[in-house]
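Using the hints provided, position chain B relative to the given structure of chain A.
2 protein chains.
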Amino acid sequence: MTYCVGLLLNAGLVLLSDTRTNAGLDNISTYRKMFTFEEPGERVIVMMTAGNLSVTQTTIARLTEDINNADATHDTSIMKAENMLDVATMVGEMLSRVTAETKMRMDRMNQSASASMIVAGQRKGGRMRLFLIYPEGNFIEATDDTPYLQIGEHKYGKPILDRVISADTPLEDARKAVLLSMDSTLRSNLSVGMPLDMAVIEADALRITEQRRIEANDEQFAAMSAAWSQALRDAFTQIK
Amino acid sequence: MTYCVGLLLNAGLVLLSDTRTNAGLDNISTYRKMFTFEEPGERVIVMMTAGNLSVTQTTIARLTEDINNADATHDTSIMKAENMLDVATMVGEMLSRVTAETKMRMDRMNQSASASMIVAGQRKGGRMRLFLIYPEGNFIEATDDTPYLQIGEHKYGKPILDRVISADTPLEDARKAVLLSMDSTLRSNLSVGMPLDMAVIEADALRITEQRRIEANDEQFAAMSAAWSQALRDAFTQIK
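If you're matching them up, the sequences are chains A and B in order. So that you can map any letter, position 144 of the first sequence is 143 in numbering that gives the first Met the number 0, and since no number is skipped, the others follow by simple counting. So that you can map any letter, position 186 of the second sequence is 185 in numbering that gives the first Met the number 0, and since no number is skipped, the others follow by simple counting.
Derived by calculation from the structure, the hints in this document are not laboratory data. Check the hints yourself; a few may be wrong.
What the hints assert, rightly or not - Short derived list, chain B residues pointing at chain A, Cβ under 7 angstroms: (1) Tyr133; (2) Lys154; (3) Ser183; (4) Ser187; (5) Leu189; (6) Ser224; (7) Trp227; (8) Leu231.
To be verified - Cross-link-like lysine-lysine pairs, in silico, BS3-like; alpha carbons within 25 angstroms at most: (9) A:Lys79 <-> A:Lys123; (10) A:Lys154 <-> B:Lys157; (11) B:Lys154 <-> A:Lys157; (12) A:Lys157 <-> B:Lys239; (13) B:Lys154 <-> A:Lys154; (14) A:Lys157 <-> B:Lys79; (15) A:Lys239 <-> B:Lys157; (16) B:Lys79 <-> B:Lys123.
What you are looking at is a predicted structure, and each value in this text was computed from that prediction instead of being measured. Cβ atoms here follow ideal geometry from the backbone N, Cα and C, with glycine treated the same way.
Isolated chain A, as found in the complex (with noise of 0.2 angstroms):
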């Protein structure tokens, strides 16, 4: 399993994704699910992934061929779309392109193979968006109403966010409630673990403006779990 998390504010994008991948609970290995790619000042998109392996590695692989292609175009580099719109297009149609390829071999084994993606970025002269892109390709948006998308187990962190985020939370709250979101959700399901990759595009800023990743002995975050901890523990006794 997995667990990405996309927040669409007013300030900007805010980005978090595990990096645990398990075929069957003794075969775990760590894999990075957030790909970035910018062009600092024209355009900045991050994409984060979900699902079957071979899936998602297939399909950014086949999408940074097409990035690198001498010949590219508008049509068939993310690169050079000509904007946030077309490049959720392309990657929904590179998704359902491979997972059909994959399909065919895996029903020959009675096995499925699926996999989602969160694609998130601005490009110059448009406004940031934030898209979930499904296994068939489709996609939806995040929208004020809705400021987040989730990919993966998504159960166990949604509480936190459906209670602190609104399109106007300010970046610092907002990588406070993601953190705190992927923290309950590693709590309760052993396929999502960590390190966590996390990424930050202020608003018009055109570049990823944040990116680090938060090891297992990070003390910060250690810090932040056991304080939350303790004042979920405190909210508890305090109400009648």
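Just chain B now, with coordinates in the frame of chain A:
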């Protein structure tokens, strides 16, 4: 869907269920999912059900019929069974039989039907016990390490239980914890709904110590829910 939770504490058993059943989003009804059986001073049993309503209703109806049968013996009636382990075994066998019968009919229509149950109680001379019965009729039992069991939509309400419940939690805190666990679930899953049924069985009381229905307009529950929301937001603001 459904959410039912049971706690096995040193001080007693605390049980809470919702009452919403649905066949699709446009066919929602209210059905009791908590069933109590007692012979005060001798034995007390509470059952909660999740899953296909025809399966759970038939299971409860047949168990009740067997109790009322003039020829009932300790092998056929849960009210004559020698101990709680035998009660769990009898309930499991009945659930498994009804599930199998229903499955035969459902398979013809390419549909599936399954249900699970929580069985809690105490028999004079025995200790309090809490079981989760699977659709196949096998079961697991709550222990000191994991003193709670859930059926139905368990994810949203699990974090609060993990943080505050241990075997020595007093009954007052336990009531609060299951209500907050339910509150988180009600907020996030439309297929779980008010009113709620709560039962408390104090240790060695051998009767239902407290039973109440919490209606949708219950002021105390609404106040607790609002206080918890506020406390969570305050806790979020406090931590760094």
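Hint-by-hint comparison with the structure:
1. Tyr133: violated (20 angstroms)
2. Lys154: Holds - the Cβ of Lys154 of chain B comes within 7 angstroms of chain A, reaching about 4 angstroms at its closest.
3. Ser183: Holds - the Cβ of Ser183 of chain B comes within 7 angstroms of chain A, reaching about 5 angstroms at its closest.
4. Ser187: Since the shortest Cβ distance to chain A is 6 angstroms, the answer is holds.
5. Leu189: violated (13 angstroms)
6. Ser224: violated (10 angstroms)
7. Trp227: Where the cut-off is 7 angstroms and the nearest Cβ of chain A is about 6 angstroms from Trp227 of chain B, the hint holds.
8. Leu231: holds (6 angstroms)
9. A:Lys79 <-> A:Lys123: It holds: about 12 angstroms lies between the C-alpha atoms, which stays within 25 angstroms.
10. A:Lys154 <-> B:Lys157: holds (10 angstroms)
11. B:Lys154 <-> A:Lys157: With a Cα-Cα distance of about 10 angstroms, the restraint between Lys154 of chain B and Lys157 of chain A holds, given a limit of 25 angstroms.
12. A:Lys157 <-> B:Lys239: holds (20 angstroms)
13. B:Lys154 <-> A:Lys154: Between Lys154 of chain B and Lys154 of chain A the Cα gap is close to 6 angstroms, so the pair holds against 25 angstroms.
14. A:Lys157 <-> B:Lys79: With Cα atoms ~46 angstroms apart, Lys157 of chain A and Lys79 of chain B exceed 25 angstroms; violated.
15. A:Lys239 <-> B:Lys157: holds (20 angstroms)
16. B:Lys79 <-> B:Lys123: holds (12 angstroms)
When the structure is compared with the earlier hints, violations turn up for hints 1, 5, 6 and 14 and for no others.
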